[in-house]
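Residue strings, one per chain:
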Amino acid sequence: MSRNLVYMVAVNHETSTFRNSDYAKYAKLAWKFWCKKNNIDFIVADKHNDKYKFPIWNKLDVCDVGKDYEKIAIVDSDTMIHWNAPNPFDLIESGVYGVQDNANLRWLDESVTNYGGEFFPNFKIDLDKYINAGVVYLDNNSLSIYEKLREFYFQNQEKLDNWNKGGGREQTLFNYLLQINNYDVKLMPPIWNMFAMHKKEMFSHNFQDGDDKTPFFIKYSWVWHFTGFPIEQRTEIMKNTWMNTGDKYIPESDEDMYNG
Amino acid sequence: MDKNIVFIIAVKKDGQLKPEYEIGIESWRRWCKKNDVDLFLLEEPILPMEDMHIIWQRYFLFDIYDANKIRANQTLLVDADTIVHPDCPNFFEETEDKYCLVHDDGSYDWVLRGMEHYKKRVYDEEWFNYWEYGNSGFQIVNQKHRGFFEYMREFYFKNIKEINFIQQSYGTGTDQTPLNFNLRAQDVDVKLLGYKYNMGCMLKKEILANDMLFTKLGWVYHFNGLPDKDKSVPFWMEKTFKYLYD
Chain A
1 MSRNLVYMVA VNHETSTFRN SDYAKYAKLA WKFWCKKNNI DFIVADKHND
51 KYKFPIWNKL DVCDVGKDYE KIAIVDSDTM IHWNAPNPFD LIESGVYGVQ
101 DNANLRWLDE SVTNYGGEFF PNFKIDLDKY INAGVVYLDN NSLSIYEKLR
151 EFYFQNQEKL DNWNKGGGRE QTLFNYLLQI NNYDVKLMPP IWNMFAMHKK
201 EMFSHNFQDG DDKTPFFIKY SWVWHFTGFP IEQRTEIMKN TWMNTGDKYI
251 PESDEDMYNG
Chain B
1001 MDKNIVFIIA VKKDGQLKPE YEIGIESWRR WCKKNDVDLF LLEEPILPME
1051 DMHIIWQRYF LFDIYDANKI RANQTLLVDA DTIVHPDCPN FFEETEDKYC
1101 LVHDDGSYDW VLRGMEHYKK RVYDEEWFNY WEYGNSGFQI VNQKHRGFFE
1151 YMREFYFKNI KEINFIQQSY GTGTDQTPLN FNLRAQDVDV KLLGYKYNMG
1201 CMLKKEILAN DMLFTKLGWV YHFNGLPDKD KSVPFWMEKT FKYLYD
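Chains as they are written, first to last, in the numbering used here: chain A, 1 to 260; chain B, 1001 to 1246.
Just so you know, the hints here were simulated from the structure itself, not pulled from any lab data. Just so it is clear, the structure is predicted and the values come from calculations on it, not from any experiment. Among these hints, one or two may not hold up.
[As the list claims (entries may be wrong)] Heads up, simulated BS3-like pairs for lysine-lysine below, C-alpha to C-alpha not over 30 Å straight-line:
{"hint": "1", "chain 1": "A", "residue 1": "219", "chain 2": "B", "residue 2": "1120"}
{"hint": "2", "chain 1": "B", "residue 1": "1069", "chain 2": "A", "residue 2": "199"}
{"hint": "3", "chain 1": "B", "residue 1": "1120", "chain 2": "A", "residue 2": "129"}
{"hint": "4", "chain 1": "A", "residue 1": "129", "chain 2": "B", "residue 2": "1204"}
{"hint": "5", "chain 1": "A", "residue 1": "129", "chain 2": "A", "residue 2": "248"}
{"hint": "6", "chain 1": "A", "residue 1": "213", "chain 2": "B", "residue 2": "1120"}
{"hint": "7", "chain 1": "B", "residue 1": "1119", "chain 2": "A", "residue 2": "248"}
{"hint": "8", "chain 1": "A", "residue 1": "213", "chain 2": "B", "residue 2": "1119"}
{"hint": "9", "chain 1": "B", "residue 1": "1120", "chain 2": "A", "residue 2": "159"}
{"hint": "10", "chain 1": "A", "residue 1": "32", "chain 2": "A", "residue 2": "239"}
{"hint": "11", "chain 1": "B", "residue 1": "1216", "chain 2": "A", "residue 2": "124"}
{"hint": "12", "chain 1": "B", "residue 1": "1204", "chain 2": "A", "residue 2": "199"}
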């Protein structure tokens, strides 16, 4: 067993509009290769636990799955890691590490207003410390945040399962609980969770210079998070990314997996 | 102690300053008064603008001060296409006497293309972390940075051909990318302030809208990155000023 773990939830579920496995297969291929190369355990939760209504909440069980590891990364199934990425666990000491999420400030404002108004009316969240929950790195001591979030979920399950005010599912609650419980939140550079790539224009390349058509997100970031754009495009974009880079992963992947 | 100064380039074209810039400047005038800060407008270029782009002339700041016998503690050099909220905190108290900028993440495509061109054509393959790249439309400096401003001017004249070529051929801005490279090359201690102090590309952040959400989320609004800017910038600056100050 490695000292470090990458944990991913990749569950097909009736509540999802798009089949998770259609795009998660590329995420799994990339992370599987990279984890093997870096001697890191990679666990994928691919069975839904019916105690939760929506599959996203399965990630809270990382507090059990990860309890024997020194450092843990919790990554969404719409992420891929660059085949040659350095080891982010080398950067992790104590605390909860993530990338500040301020790509869509309207969504963020609505989310913290809605969830805050409902559950934390007396707490003012610090948006400068608000992180994207799709890729989180932490040490063993900080794993308890997921336990706290799980407790919170079950205390408020009816409200959360029927939530229709928008603002996402777990991310804003995760941030509120991090800040309310004084977890040591440390911001990482966006290379470790490059989300909202269309907004940041990371899908383009330097069309003014030579023949290098490598998209900026591949050239200049390590963890690619395919979110923040119309969700119906996700599978196609992840598939294209894999088709253009899969050969870099192939030496240690299965040929049939490469072909999807 | 010497006072802090807000410095804005306000050079008229055909005898007139754009009305929206007058509006931006008026917001700064009121903020300065409220916070006991002086406002300095550069109304005449130091050099003919054919010889040096007006944006680059801000690096004459300390020479301008010397010529006018002005003593400044810290200076904010801010673009005229900005409006400050009347309740904006005094950011001079957050600088730790460092060279302060705000990260520019509006379009990494634009930033990275600019960096790649300069890396190749001027900086001999040097590179730096693009996530620490600052917008030059909001810079806070102090006397410690006098030498760096001299360096920026010398750099300009030494590389004027390449700078003009990159600017005209690729459209990746004027001083901003070289400023960022040079800050690293000269080992200047830089502090990045939060987005709230230079809110650029607000359309991308989805906050520039009729509900004026942006005015609730930060303090200095930078009306850049807007399509149809000859119409949209005056429209939004006038609307914002009326909303905040009338």
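Against which earlier hints does the structure fall short, listed by number upward? Those not satisfied are hints 2, 3, 5, 9.
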